[in-house]
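Peer 1: Turn these sequences into a full structure, and let the hints guide you.
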Amino acid sequence: MEYIVLVISAVLIKNILLAEYLGNCPFLGTSKRMDTAVGMGLAVIFVMTIATAVTYVVQHMVLVPLNLGYLQTIAFILVIAALVQFVEMFLRKFAPPLYVALGIFLPLITTNCAVLGTAILCIRRDMNFPEAVVFAIASASGFTLALILLAGIRERLEISNVPRALRGTAIGLIMAGLMSLAFFGFVGVDGSLKEFIQN
Amino acid sequence: MLSAALFLLVLGLVASVALAIASRAFYVWEDPKVLAVTDALPGANCGGCGNPGCASAAEAIAAGLASANICVAGGFEVAQAVGEIMGQRVEEREPEFSWTSCSYGVGNAEPIFSYNGASDCHAAVMLYGGSKLCPVGCIGLGSCVKACQFGALAIGDDNLPVVDYSRCVGCGACVDACPKNIVALVSQTRRIISEYVTDECTAPCQRACPTGIHIPGYIREIRNGNYEEAVRIIKEKCPLPLVCGYICPAPCELSCRRNFVDEAVAIDPLKRFVADHEMTTGKHIDPYKCTDNEIKIALVGGGSEGLTAAYYLARLGYQPTILEAKPELGGILRYVIAEDRLPRNVLDHDIQGILEMGIEANTNVAMGRDFDVCSLLKDGYDAVVVTSGGFDSRKILKPEQERYDAAIPGLFIMLDLLTAFSQREEIHLGKHAVIANGGLKALELARKCRDMGAEIVTIVSDQPLSTLPVDFHDTKVLAEEGIEVRASATVAAMRGIGERMDRIALEDKDLTGDISKKRTIIDADTLIVPAGRLPEMAFVHAAGKPETEGERVRWQTIETFRTFPKGGGYGILSSPEPGRISDSSAVVKSILSGRRLARAIHQNFTDGTITPIPNLVWEAADILDVTEVNGVNPSERQCPTVSDVEGDSKTAWIFPEEYPGLDEPAARQEAERCLQCGLICYDKNT
Numbered sequence: 001m002e003y004i005v006l007v008i009s010a011v012l013i014k015n016i017l018l019a020e021y022l023g024n025c026p027f028l029g030t031s032k033r034m035d036t037a038v039g040m041g042l043a044v045i046f047v048m049t050i051a052t053a054v055t056y057v058v059q060h061m062v063l064v065p066l067n068l069g070y071l072q073t074i075a076f077i078l079v080i081a082a083l084v085q086f087v088e089m090f091l092r093k094f095a096p097p098l099y100v101a102l103g104i105f106l107p108l109i110t111t112n113c114a115v116l117g118t119a120i121l122c123i124r125r126d127m128n129f130p131e132a133v134v135f136a137i138a139s140a141s142g143f144t145l146a147l148i149l150l151a152g153i154r155e156r157l158e159i160s161n162v163p164r165a166l167r168g169t170a171i172g173l174i175m176a177g178l179m180s181l182a183f184f185g186f187v188g189v190d191g192s193l194k195e196f197i198q199n
Numbered sequence: 001m002l003s004a005a006l007f008l009l010v011l012g013l014v015a016s017v018a019l020a021i022a023s024r025a026f027y028v029w030e031d032p033k034v035l036a037v038t039d040a041l042p043g044a045n046c047g048g049c050g051n052p053g054c055a056s057a058a059e060a061i062a063a064g065l066a067s068a069n070i071c072v073a074g075g076f077e078v079a080q081a082v083g084e085i086m087g088q089r090v091e092e093r094e095p096e097f098s099w100t101s102c103s104y105g106v107g108n109a110e111p112i113f114s115y116n117g118a119s120d121c122h123a124a125v126m127l128y129g130g131s132k133l134c135p136v137g138c139i140g141l142g143s144c145v146k147a148c149q150f151g152a153l154a155i156g157d158d159n160l161p162v163v164d165y166s167r168c169v170g171c172g173a174c175v176d177a178c179p180k181n182i183v184a185l186v187s188q189t190r191r192i193i194s195e196y197v198t199d200e201c202t203a204p205c206q207r208a209c210p211t212g213i214h215i216p217g218y219i220r221e222i223r224n225g226n227y228e229e230a231v232r233i234i235k236e237k238c239p240l241p242l243v244c245g246y247i248c249p250a251p252c253e254l255s256c257r258r259n260f261v262d263e264a265v266a267i268d269p270l271k272r273f274v275a276d277h278e279m280t281t282g283k284h285i286d287p288y289k290c291t292d293n294e295i296k297i298a299l300v301g302g303g304s305e306g307l308t309a310a311y312y313l314a315r316l317g318y319q320p321t322i323l324e325a326k327p328e329l330g331g332i333l334r335y336v337i338a339e340d341r342l343p344r345n346v347l348d349h350d351i352q353g354i355l356e357m358g359i360e361a362n363t364n365v366a367m368g369r370d371f372d373v374c375s376l377l378k379d380g381y382d383a384v385v386v387t388s389g390g391f392d393s394r395k396i397l398k399p400e401q402e403r404y405d406a407a408i409p410g411l412f413i414m415l416d417l418l419t420a421f422s423q424r425e426e427i428h429l430g431k432h433a434v435i436a437n438g439g440l441k442a443l444e445l446a447r448k449c450r451d452m453g454a455e456i457v458t459i460v461s462d463q464p465l466s467t468l469p470v471d472f473h474d475t476k477v478l479a480e481e482g483i484e485v486r487a488s489a490t491v492a493a494m495r496g497i498g499e500r501m502d503r504i505a506l507e508d509k510d511l512t513g514d515i516s517k518k519r520t521i522i523d524a525d526t527l528i529v530p531a532g533r534l535p536e537m538a539f540v541h542a543a544g545k546p547e548t549e550g551e552r553v554r555w556q557t558i559e560t561f562r563t564f565p566k567g568g569g570y571g572i573l574s575s576p577e578p579g580r581i582s583d584s585s586a587v588v589k590s591i592l593s594g595r596r597l598a599r600a601i602h603q604n605f606t607d608g609t610i611t612p613i614p615n616l617v618w619e620a621a622d623i624l625d626v627t628e629v630n631g632v633n634p635s636e637r638q639c640p641t642v643s644d645v646e647g648d649s650k651t652a653w654i655f656p657e658e659y660p661g662l663d664e665p666a667a668r669q670e671a672e673r674c675l676q677c678g679l680i681c682y683d684k685n686t
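Protein chains in written order, with my numbering: chain A, 1 to 199; chain B, 1 to 686.
Calculated from the structure, these hints are not laboratory results. Bear in mind that the values here come from a model prediction, so they are computed numbers and not experimental data. Check each hint, because a few of them may be wrong.
Going by beta-carbon spacing under 7 Å, a handful of chain A positions derived as facing chain B [claimed, not checked]:
#1 VAL64
#2 LEU68
#3 LEU71
#4 GLN85
#5 MET89
Within a straight-line C-alpha distance of at most 30 Å, the following computed DSS-like cross-link-like pairs (lysine-lysine) qualify [said to hold, decoys possible]:
#6 A:LYS93 to B:LYS33
#7 B:LYS518 to B:LYS431
#8 B:LYS296 to B:LYS283
#9 B:LYS378 to B:LYS441
#10 B:LYS326 to A:LYS32
#11 B:LYS448 to B:LYS431
Heads up, the beta-carbon is just placed ideally off N, CA and C, and yes, glycines get one too.
Peer 2: Now the structure itself:
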């Protein structure tokens, strides 16, 4: 039951893009077209899940026993970067269609702050391993949801009469802000959901 | 501190070793050529080659599935670079560029409603096909501009796309993006051999002109005082502008929309004005030409048809040679038309302009006497084109004779026959007579032939039965009279022995499908034709000399192919559109047939098959047009018409050389009268 609350919280309430404001670069960079947005979203789900699982292990089996907790950020970056490279090679050999579909997005995610952020958030919130994995999948799904929504809006904007000064990234940022405001409406839903489940 | 550094060192080492092992274990072989070719390609991912992007195009090239010059955006240099990587020789391909035909943007064209939705052409077309009344009009919302990866398109002030030819690479992305099929890719070759089709924007005068000159275009240039450009526009479709300016019957003026208001624009005198201007400057204005190739073509006959065919072939890059039996070029224009109507210096000027395109001309050489088709092919010509045109081809040349005086046995000219009937002369007709293309007189003539002893008379018409007069329709009654009607057919060949014709082959006009089933052979011994012109069957001569005195020789007309015989070899080609060829009744019609000949030859050397153009604009085609003209002020025609003969205020000009032509102020004023029509648009403020 807590997993349901965890998923709803990660997707809608504490959306990694719209509430945590992580990963703004791909949010604006890959939301111009729907097919790019879908590809990027799937790649993020894939990487974020694996990266969170691996960094969880690194944190609890290496950093904590060695008492090197302060090296968390730099160690995670290194691990995630190597992992993405590894996954790229693996996919290329054993799943060429998946590589063709996700290929150009994988290097983009190597140093993505949303991926690193999710990995660190799991540690900070003292989650156990299954919770961390579910949280990563849910966060990435939230990322994908926001990205696809924005891509839909921006495709419509493309054929609308936008004032010249606001065309391009400017109107994209305004739309992202408006979406963030809309998602703000979900705040508090998790508390009442928790109560509802407990009763 | 030390432990932290050590830890990171170890972590980094582990990661790098793992990646090194993985790169070995998961190694995928990649063709280095693909990478090299990808680098050589422009990387615009325009899709002009048909592949989804440059990387997949490179894969296709490396795999041998595509040729090295598939990249349309990169041009010849990229193709050469790719060819070098692949070790292939690359031939230059003709550049293409984007082109639109619509000339009245939203705001100037007739609307059916005001569109205020999403600013995208595809969205606008979903609502009743767009806000314009015209079905082929540009919507002007710029889907083509968005599709262009090279910044070569922009929407201009008049809501129409403007092409920047210095940037356009001819990738075709705009063509795919346009929901109205208005944007097209054209190359110079395609422009030279193009004909108007029913679903493009054409003005009524353009459609009425047999050669299809862009009349509003050259009148617009006259308006702007740009006479050289006007001549260039005329020469795109008509190599004899001055000759046409003097003797063209100007069917275009009958279709002019100004006739709804006052009088037609003086289209032909305006043409003569700019062509006169060209002659007075003494310099020939040359239209564009394609790159030369090595193919040599012989044209037999130096009349307007042969000159036109040679002109277009030269523009397409071929090496044409005209062979003319008479001492000078020009054919009917020189030897038949009175000098009062067509001054010879005018004709010489236009012919000189044609020859300057790179055409060789030999005069005083006659087919059958100095050369024949086989000797020409042996001399290195790749094709021989017979452009014998409108001269009387009843007269044929026998090899042993120097004079043209032997007729095809059993062939009668309708006029000769009617004269003979009225003079009650005795004429011996055969048992089975065929009347080809007799028009309305055919039935009357057929009955007279029956009276003169013919047992069966077959009337052949190239028109469908429905368009013939009602008298022809009751085939049963006619059959009782011994008269048979064959509609939508033409005479294709004749055969005979000695001084007697014995067989005539008829062919269906519609040659789509199995050609061999479209031919019927009838045992006829008399053929009656309206004029002595049988351009398709010219240069018939008896097959060999009789061995002994009095022996009769079997003869037949040359068998022709409608498409080139497969597997190479020799064959004589004739027009795939029987009945559509020139009837030689006006110089403009022979110009059209000359251009079609050039097109057919070009197709033969490029595609290997000759195909008619679908949806051609011709007189009976169903085309959207206007039936009234509003908002146009009447203004006086600057040049006398024939009807002025009766009026007493103006002088009538009977001979062109007496009529001095329009002077410059009058020409500019006359050009202002043009309504600059499109399919249904016209300039309302004129």
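Peer 1: Please go over all the hints and tell whether each is borne out by the structure.
Peer 2: Here is how each hint holds up against the structure:
Annotation: A:VAL64 was flagged as interfacial toward chain B, and the flag is violated, the nearest CB pair being 13 Å apart, outside 7 Å. The interface hint given for A:LEU68 holds, since its Cβ lies 6 Å from the closest Cβ of chain B, which is under the 7 Å cut-off. For A:LEU71, the interface hint holds, since its Cβ comes within 7 Å of a Cβ in chain B; the closest pair sits about 6 Å apart. With a cut of 7 Å, the hint placing A:GLN85 at the interface with chain B holds, because the nearest CB-to-CB distance is about 6 Å.
Of the supplied interface hints, the one on A:MET89 holds, with its beta-carbon coming within about 4 Å of a beta-carbon of chain B, less than 7 Å. The suggested pairing of A:LYS93 with B:LYS33 holds, with an alpha-carbon distance near 20 Å, which does not exceed 30 Å. A C-alpha spacing of about 25 Å is found between B:LYS518 and B:LYS431, which places the hinted pair at or below 30 Å, so the restraint holds. At roughly 27 Å between alpha-carbon atoms, B:LYS296 and B:LYS283 fall within 30 Å of each other, so this suggested pair holds.
The hinted pair formed by B:LYS378 and B:LYS441 fails the criterion: a straight-line CA distance of about 46 Å is larger than 30 Å. The hinted pair formed by B:LYS326 and A:LYS32 fails the criterion: a straight-line CA distance of about 72 Å is larger than 30 Å. With a C-alpha separation of about 13 Å, the suggested pairing of B:LYS448 with B:LYS431 holds against the 30 Å cut-off.
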